[in-house]
Every structure is written in structure tokens, then in C-alpha cells.
Amino acid sequence: MAGSALKRLMAEYKQLTMNPPEGIIAGPVNEENFFEWEALIMGPEGTCFEGGVFPARLTFPPDYPLSPPKMKFTCELFHPNIYPDGRVCISILHAPGDDPMGYETSAERWSPVQSVEKILLSVVSMLAEPNDESAANVDAAKTWREDRKKFNEVAERTVRKTLGL
Amino acid sequence: MAAEGDKFVYDPERNYDDATLAQIRVMENEIASQNNIVSERLSMQNLKDEYADADDVFKLKIKDLESRYHYMRRTRGDGNCFYRAFGFACLEMFLADSKNLPRFKDVAQKSRDELVSLGFPQFTIEDFHESFMDVIEKIEKQCSVTELSDIFNNQGLSDYIVVYLRLLVSGYLQKEAEFFVNFIEGERTVKEFCNQEVEPMGKESDHIHIIALTSTLGIPVRVEYMDRVDSSKCTQHNFPEDSQPSIVLLYRPGHYDILYSR
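Chain order of the listed sequences is X and W.
Under full-length UniProt numbering, the first residue of the first sequence carries the number 1, and numbering increases by one thereafter.
Under full-length UniProt numbering, the first residue of the second sequence carries the number 1, and numbering increases by one thereafter.
It cannot be assumed that every hint is accurate.
As the list claims (entries may be wrong) - For the chain W half of the interface with chain X, some residues (derived, Cβ under 8 Å), not all of them:
| # | residue |
| --- | --- |
| 1 | P121 |
| 2 | L148 |
| 3 | S149 |
Unchecked claim - Using 27 Å as the maximum straight-line C-alpha spacing, the simulated DSS-like pairs for lysine-lysine come out as follows:
| # | chain 1 | residue 1 | chain 2 | residue 2 |
| --- | --- | --- | --- | --- |
| 4 | W | K175 | X | K118 |
| 5 | X | K14 | X | K72 |
| 6 | X | K149 | X | K70 |
| 7 | W | K110 | X | K14 |
| 8 | W | K99 | X | K70 |
| 9 | X | K7 | W | K99 |
| 10 | X | K118 | W | K105 |
| 11 | W | K48 | W | K59 |
| 12 | W | K48 | W | K191 |
| 13 | W | K48 | X | K118 |
| 14 | W | K105 | W | K59 |
| 15 | X | K70 | W | K110 |
| 16 | W | K110 | X | K7 |
| 17 | W | K138 | X | K118 |
| 18 | W | K138 | X | K7 |
| 19 | X | K70 | X | K7 |
| 20 | X | K7 | X | K72 |
| 21 | W | K141 | W | K175 |
| 22 | X | K7 | W | K203 |
Since the hints were made in silico from the structure, they are not lab data.
This one's a predicted model, so the numbers in the text were calculated from it and none came from an experiment.
Every residue gets a Cβ at the ideal spot worked out from N, C-alpha and C, and that includes glycine.
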């Protein structure tokens, strides 16, 4: 069903180009390969990530949208729900059952009617409100919980770095 | 994974998330390699053989089933079995008797716009709707049962049909949310329930899903329950209760197959 996946990804790309959600740019790395996307996510206003522009990669499986893509930030990002290697760990990237992190039962899950846009919007909310109960980066979760000042400092340093300052 | 007997030591650098998922994938592949998605018609002897060493509760129930049903069709135990069994049995029924097919096609055709009006973005449901309509058109053209079986045994096509049936359930539950909210466990809205228990592939079905699918498509179904309940007969349940279904599913805890009446 790689043909169906391609068709769907093209439709999503078109949708995202015509109605881009605020603070998000996303599309295939090159038009030859629709299964690798690059996204740029602006740090949400009023948070310690404000002003940052964070690049990420999305890798889609051949049976997308039956299975979700994987998402990985390609910049440094110290955050409870991002593994130290950049991989994003939020509930919408997992189907129910695939949840070794034990997400809250009300959390949004992957299903074929989710979309790249929904994922990226969830990632923006994740940046704004880290979930320290299902931590992918234990160190970041601990800092977020116990030393918010330090967490904010690290975040601000990252923001400056992404802007090349 | 640590060897058995070793004391488990949590290593924060390790990614347990991936290890667990990899193990789930191995189990899924094992199930997939052992069974067709939807089997051929099998005699009831096949079910008997499976329970050759079982206790009397099951043996009596199989005898009861044998007296009323001629054949069965097994479906793969991948959490989608209810949709697969219902979808196949329903379409196969229309191959034998197409009297209600135009009404069914009409309901299916209109369902896409209803889902859009419930807030599903069109681009997320379009392909699934198309796959569903494609198979209905094949039935209209009187394809063979073998062709239908080939479609249901093609992982991609089969899954796309399952997704659409799941969307129909979700749509109906959301449309009738005021009623169904009373039957949902936990502090969840109907929409949350649909996002977690209906729309994702592999999530098993309960009564509420069966009620929704049979109601929205107007296709009644009978379920024969073969469980440990101490009785010599399987319990029957029709959805809706006062209907005369021509589709029969066999339920064993956690799994649905198809039955064919004598």
C-alpha cells in the first residue's frame, strides 16, 4: 500500500501548504522522497522556548497512515518528552497498546485519521507543557520538576543556538 | 533484555520503549505467519479438532453449533477480527442476495459526508472511503467469493476496509453521543473513547462497537457466544435484539469468526 501512503502524504503536504498552522512549516525533504519530511517548529510564545526555531525530521512507514511516523529533532533539545538523541515521545505517535510509557488514558493516540498537522500541533503543546510523568529524558524531567530556573536557562541557550546566535 | 534470573537494573541510557515495541512486532508477525487474514470455508470438524483435548463445556457447545451451522471461516486474531468477520460476511451475503445492496451502497456513499460534518478532515478519510466503495462496486458486479477473499487477504486492502468500518462506528457513536456516553467506562467523552478504542487499528471490539456498526449500516448480526459459562448450548445474541440476522459470528472470548447456517 505504498501507493496509498504516497497519495495520502501528498494530500497532507498540499493541505499544510495551503493552510499552514501557526508556527509550523513542514514538507518532504525533497520531492523525490515523500517518506522523509523536514519540519520547523517555532517555540510557543510565553514559554521558555519562545523565539526558537527547532528543526525536526519525520520518517513515514510504507503503510502510513495505518502506522504512525517517527519524529526526531535534529537540534539539541533538553525536554522531558524528547530522548537525548532527539526522538519525540508523545502519545499521538503511539497506537493504544503500544504505550510502554503509560500515557494518561485521555491522551490522544495514533489512528489512521490523525495527521502530520495533528502531530506537529501536539508537539507544540508538548513544548509548552512538558509531561514529566512519562519522561523520555529523565534528567530533563527531573530538572523541569526540581529546578525550573536551570531548565529555563538551558532552554534559552538552545533557543539562541537554533537562531545561530 | 536481561537474561532470566538476572536482577533487573534500570539503565536510563537504554530505550525500553523501542525494545518493548520490537517484541510486540515479533509477536504480531508470528500471528500473521500462522494464519490467513480470513480463511477459506472450513467444516465444523476444524473447530472440533481445535478442542479435541478440551473439557465437556466446550465439547457440548461445539456439538450444539454443529447441529445448527455447516461451516465456519476463521479470521486472524489481530484485534481487527470483528470488523474483518463482519465486513466479509456482510459482503459475501450480498453476493448471494443483492436485494438490499443498493440501500447498503447508498448508506456507504453518504457516510463520507457525514464523517466530514462530524469534523474528520476529508483528506484523512477519503482513501478509506474509496477502498470501501471499490469493494462494494466489485460486489455489485458479482465478483466471485474467491475475489472477495483475495481482497480480504491482501493486507493493505483489507486494513483499509477495516479502517473505514472503524470510522463508521466512530461516526455513529459520536452522532449518538448523548446516548452512548452512559455506556463508556472511565471519565471519558465519546470522542475520547473513539480516539482510543475505535479508530486505532488493532483495538478489540465490544458490544458498543457491534451495536454502532449494525445500526449505522442497517445490517443485523447474530453472535454465538462460546465461553466457559456452564451450559450445553452457546448463548445467542442478536443485534438489534428483535432482528432476524442472516450474518452469524462466533465469539470466543477476545475473538470473532464467521459461521454459516445449515
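We went through each hint and held it up to the structure:
1. Taking 8 Å as the C-beta contact cut-off toward chain X, the hint placing W/P121 at the interface holds, the least distance being around 7 Å.
2. The interface hint given for W/L148 is broken, as the beta carbon of that residue sits about 18 Å from the closest beta carbon of chain X, more than 8 Å.
3. At about 18 Å, the closest approach between the beta carbon of W/S149 and any beta carbon in chain X exceeds 8 Å, and the interface hint on this residue is violated.
4. In summary, the hint linking W/K175 to X/K118 is supported, as the alpha carbons are separated by about 22 Å, within the 27 Å threshold.
5. Of the supplied pair hints, the one linking X/K14 and X/K72 holds, its CA atoms being roughly 22 Å apart against a limit of 27 Å.
6. Simply put, X/K149 and X/K70 have alpha-carbon atoms about 31 Å apart, too far for the 27 Å limit, and the pair is violated.
7. Distance hint between W/K110 and X/K14 is fulfilled; the C-alpha atoms sit about 25 Å from each other, no more than 27 Å.
8. At most 27 Å may separate the alpha-carbon atoms for a hinted pair to count; W/K99 and X/K70 exceed this at roughly 46 Å.
9. In summary, the hint linking X/K7 to W/K99 is not supported, as the alpha carbons are separated by about 35 Å, beyond the 27 Å threshold.
10. At roughly 31 Å between alpha-carbon atoms, X/K118 and W/K105 are farther apart than 27 Å, so this suggested pair is violated.
11. For the hint linking W/K48 to W/K59, the alpha-carbon distance of about 8 Å falls within 27 Å, and the restraint holds.
12. About 41 Å separates the Cα atoms of W/K48 and W/K191, which puts this hinted pair outside 27 Å; it is violated.
13. For a cut-off of 27 Å, the pair hint linking W/K48 to X/K118 is broken: about 48 Å separates their Cα positions.
14. With a C-alpha separation of about 40 Å, the suggested pairing of W/K105 with W/K59 is violated against the 27 Å cut-off.
15. Distance hint between X/K70 and W/K110 is unfulfilled; the C-alpha atoms sit about 34 Å from each other, more than 27 Å.
16. Restraint check for W/K110 and X/K7: the C-alpha separation of about 23 Å stays at or below 27 Å, so the hint holds.
17. Straight-line distance between C-alpha atoms of W/K138 and X/K118 comes to about 34 Å, which puts the hinted pair past the 27 Å bound.
18. Distance restraint check for W/K138 and X/K7: the Cα-Cα separation of roughly 22 Å lies within the 27 Å cut-off, and the hinted pair is therefore satisfied.
19. The hinted pair formed by X/K70 and X/K7 meets the criterion: a straight-line CA distance of about 19 Å does not exceed 27 Å.
20. Simply put, X/K7 and X/K72 have alpha-carbon atoms about 23 Å apart, close enough for the 27 Å limit, and the pair holds.
21. As the CA atoms of W/K141 and W/K175 are separated by approximately 32 Å, the hinted pair breaks the 27 Å bound.
22. Proposed proximity of X/K7 and W/K203 is supported: the alpha carbons are some 25 Å apart, at most 27 Å.
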